[in-house]
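J.: Can you make the complete structure from the sequences, with help from the hints?
If you read the sequences in order, they're chains X and A.
Read in order, the letters of the first sequence correspond to residues 0 to 370 in numbering that gives the first Met the number 0.
Read in order, the letters of the second sequence correspond to residues 0 to 370 in numbering that gives the first Met the number 0.
Quick caveat, the hints were computed from the structure, so don't treat them as lab data.
Be aware that a few hints might be false.
Which copy? The list can't say, so a pair holds if one copy fits it or any two copies do.
Result set (DSSO-like, lysine-lysine): computed pairs, CA atoms no more than 30 Å apart in a straight line [said to hold, decoys possible]:
no.: 1; residue 1: K288; residue 2: K322
no.: 2; residue 1: K318; residue 2: K41
no.: 3; residue 1: K273; residue 2: K355
no.: 4; residue 1: K175; residue 2: K118
no.: 5; residue 1: K127; residue 2: K238
no.: 6; residue 1: K278; residue 2: K130
no.: 7; residue 1: K4; residue 2: K175
no.: 8; residue 1: K238; residue 2: K35
no.: 9; residue 1: K147; residue 2: K238
no.: 10; residue 1: K145; residue 2: K70
no.: 11; residue 1: K365; residue 2: K145
no.: 12; residue 1: K281; residue 2: K328
There are 2 protein chains.
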Amino acid sequence: MAEFKVTPWDVEGTVDYDKLIAQFGIKRLDDSLIGKLGKHTKDVHYLIRRRAFYAHMYLENVLADVDRGKKIYLYTGRAPSGPVHLGHIIPWMLTKWLQERLGAPLLFQIPDEEKFLFKDITMEETGKWAKDNILDIIALGFDEKKTKIFLDTEYAGHMYKHACMAAKRITLSTAKSVFGFDNSSNVGQLFYTCMQSVPAFLPSIIEGEPTQCLIPCAVDQDVHFRVTRDIAPHLGYPKPSTLLCKFFPPLQGIGGKMSASREDTAVYLTDTQKDVEKKIRKYAFSGGKDSVEEHRRLGGNPDIDVSFVWLTFFEEDDKKLEKIRDEYKSGKMLSGELKQILIDKLNVFLADHQKKREKAKDRVEKFMMRD
Amino acid sequence: MAEFKVTPWDVEGTVDYDKLIAQFGIKRLDDSLIGKLGKHTKDVHYLIRRRAFYAHMYLENVLADVDRGKKIYLYTGRAPSGPVHLGHIIPWMLTKWLQERLGAPLLFQIPDEEKFLFKDITMEETGKWAKDNILDIIALGFDEKKTKIFLDTEYAGHMYKHACMAAKRITLSTAKSVFGFDNSSNVGQLFYTCMQSVPAFLPSIIEGEPTQCLIPCAVDQDVHFRVTRDIAPHLGYPKPSTLLCKFFPPLQGIGGKMSASREDTAVYLTDTQKDVEKKIRKYAFSGGKDSVEEHRRLGGNPDIDVSFVWLTFFEEDDKKLEKIRDEYKSGKMLSGELKQILIDKLNVFLADHQKKREKAKDRVEKFMMRD
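T.: Encoded structure:
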């Protein structure tokens, strides 16, 4: 049995997503619930169809509110510590789609203190990356009338009080057992989860009545919201719902979580076309065979081929994807050809994104909730 | 040996102030340093002369800056959880005098989350008491041009970032050993000291260069600033200086710290003349003898007589005080007469204070730093 460990700050080993369901006490996203979501969204996003989003908590509560025409909020976030890479935007792509389909307001938290508290990075650096990352967020196309982006260090005047109300209900003992803190942890780390709880309360505070929020995020974040769900009812807020996705794998191989700190594991949204080509060609782990002759004869393994797996996150067209899978598996398509398909797909996406990113520079203040 | 325990949240047993000096690693306020302070303040405040303020840390650094004409700041605070009583204002009276004599700006923190995190009180209640207590603070006569009052929950947008910078340098291990936290402590309590550190950094942040601050407070608060002093140099700020006073004793007897939650132990600034008379007559522990005859013969003990001890905090005139001491000790003055002197003294003070408190209602916004 492969050992693995998933916390909001570190992923070790090869993640077994099925085991995580039991370990985290989360629920598998099943066809019935997806069907109910689809009633409101017309179609179902490919990231859900393909179970990149594979688990949830209390999604049924969100759908019940949508059913009866009650306003719900979306909430997601980004803790800045480096450039945004393709893995980061997976939850945001789904969030954007949910915003469009459900017409929901979105609270986008930038916890610019988190990485400062947990990693070897200064507050100046997290602040710099916050500014940078916000451009990528805006470029993804969120509705400027319905999206509020805020930095914890700027918006704390509206957050700290509520964070304290959460904090009073989280003992040191709970924090240690849930997050694995020990005596060498700093007191900011211990308090931080309270700040991540607050945006789940804000919908109710803003609306002046209990208002449900739905949090699309990577599965490692659910632990924060597990704590939030324990607290929320005591403060008169609904338990936040999460929609949880698997990790976007690093170029080196499926299993772990991509790291923004190792340049050769990720494709950044600011990479040039040449960067992308070079990284995929050089680093993308291949499920192909060692020789062309052998590959033609035995075929490749798409399930462990990072280029193919990345395509499942970016190629919307199921038929195209199936065709690639078949041809690769049969040996008709070579590893280099598969890589080229991914390179082309990403470069079209990034060329468009980078144009929008430039334009985003003039739109920042339309999105920001500064105080 | 009498056991005693002093933390910022609880005082148990009869405090031995000499032992506290060793226990807290603070310094006794000696004649030489008082002399140096007196050069700038012309005279020396009776609370210092009488060693109500009896200890300090780094006062010499403040005086060195004053010597060379460098700006220094004062910082004190009030964690609201009930009405202000006479004990609370002792550090503030000295702070006001220091502001006048040194022409120093004052940061007055209202940590309206502290008692919420540490005691059985709601955030609504601490908020209500914050508003109430601010009137007493203003009524004491601080310079409205040089005094900024702020609530943690309102001003957190300017504090939280700096609190995190402190937090990164305080391990759970340190917090446990310094403050005595355990597994049942909540994570807000663990983080709180960081918020109390921030106003010690604000002078440097506001001035844009390292700027010394002097914190007049009760001796139990030094533990927070001991932690602040460990952190400050790493963040480029000077170590804050403290000027530390003994506790104003409860009516029931010298030794402990007055509690705002037990009505019969304290005189509040909003008490009526009749309240004051009743409380002193009924509850003030007397150092007098059991009968008039015996008292006349043997005299009273002013050192354990709460009325006399309270007078040492409120009667500015040394000669008057000495005369009272002598007459009480000799038996010439009876306990009831001593009590009447205190009642009259307090009621004159409170009548004036309550007038100023009414006027303070229109002046609140002149003092507040809201965001």
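J.: If a hint holds in the structure, say so; if it doesn't, say that too.
T.: Checked hints:
1. In the homo-oligomer, the alpha carbons of K288 and K322 lie at most 30 Å apart inside one protomer (19 Å), although the nearest pairing across protomers, at 103 Å, exceeds that limit.
2. Within a single copy, K318 and K41 get their C-alpha atoms as close as 19 Å, which meets the 30 Å cut-off; across copies the closest is 89 Å, which misses it.
3. Taking the shortest alpha-carbon separations for K273 and K355, only the intra-copy value of 19 Å comes in at or below 30 Å, while the best inter-copy value is 73 Å.
4. In this homomeric assembly, K175 and K118 come within 30 Å of each other (Cα to Cα) both inside a single copy, at 18 Å, and across copies, at 22 Å.
5. For the identical chains of this complex, K127 and K238 are inter-copy neighbours only, at 29 Å across copies versus 33 Å inside a copy, given an alpha-carbon limit of 30 Å.
6. Taking CA atoms no more than 30 Å apart as the test, K278 paired with K130 passes inside one copy only; the shortest distance there is 26 Å, against 60 Å between copies.
7. Proximity of K4 to K175 under the C-alpha cut-off of 30 Å is found in both arrangements, the shortest distances being 16 Å within a copy and 28 Å between copies.
8. Within a single copy, K238 and K35 get their C-alpha atoms as close as 20 Å, which meets the 30 Å cut-off; across copies the closest is 60 Å, which misses it.
9. Taking identical chains as interchangeable, the C-alpha atoms of K147 and K238 lie at most 30 Å apart only when both belong to the same chain, with a minimum of 21 Å there against 39 Å between chains.
10. Proximity of K145 to K70 under the C-alpha cut-off of 30 Å is restricted to the intra-copy arrangement: shortest distance 12 Å within a copy versus 47 Å between copies.
11. Taking identical chains as interchangeable, the C-alpha atoms of K365 and K145 lie at most 30 Å apart only when both belong to the same chain, with a minimum of 10 Å there against 37 Å between chains.
12. Taking the shortest Cα distances, K281 and K328 sit within 30 Å of each other inside one copy (21 Å), while across copies they are farther apart (94 Å).
Of the numbered hints given earlier, the model fails none.
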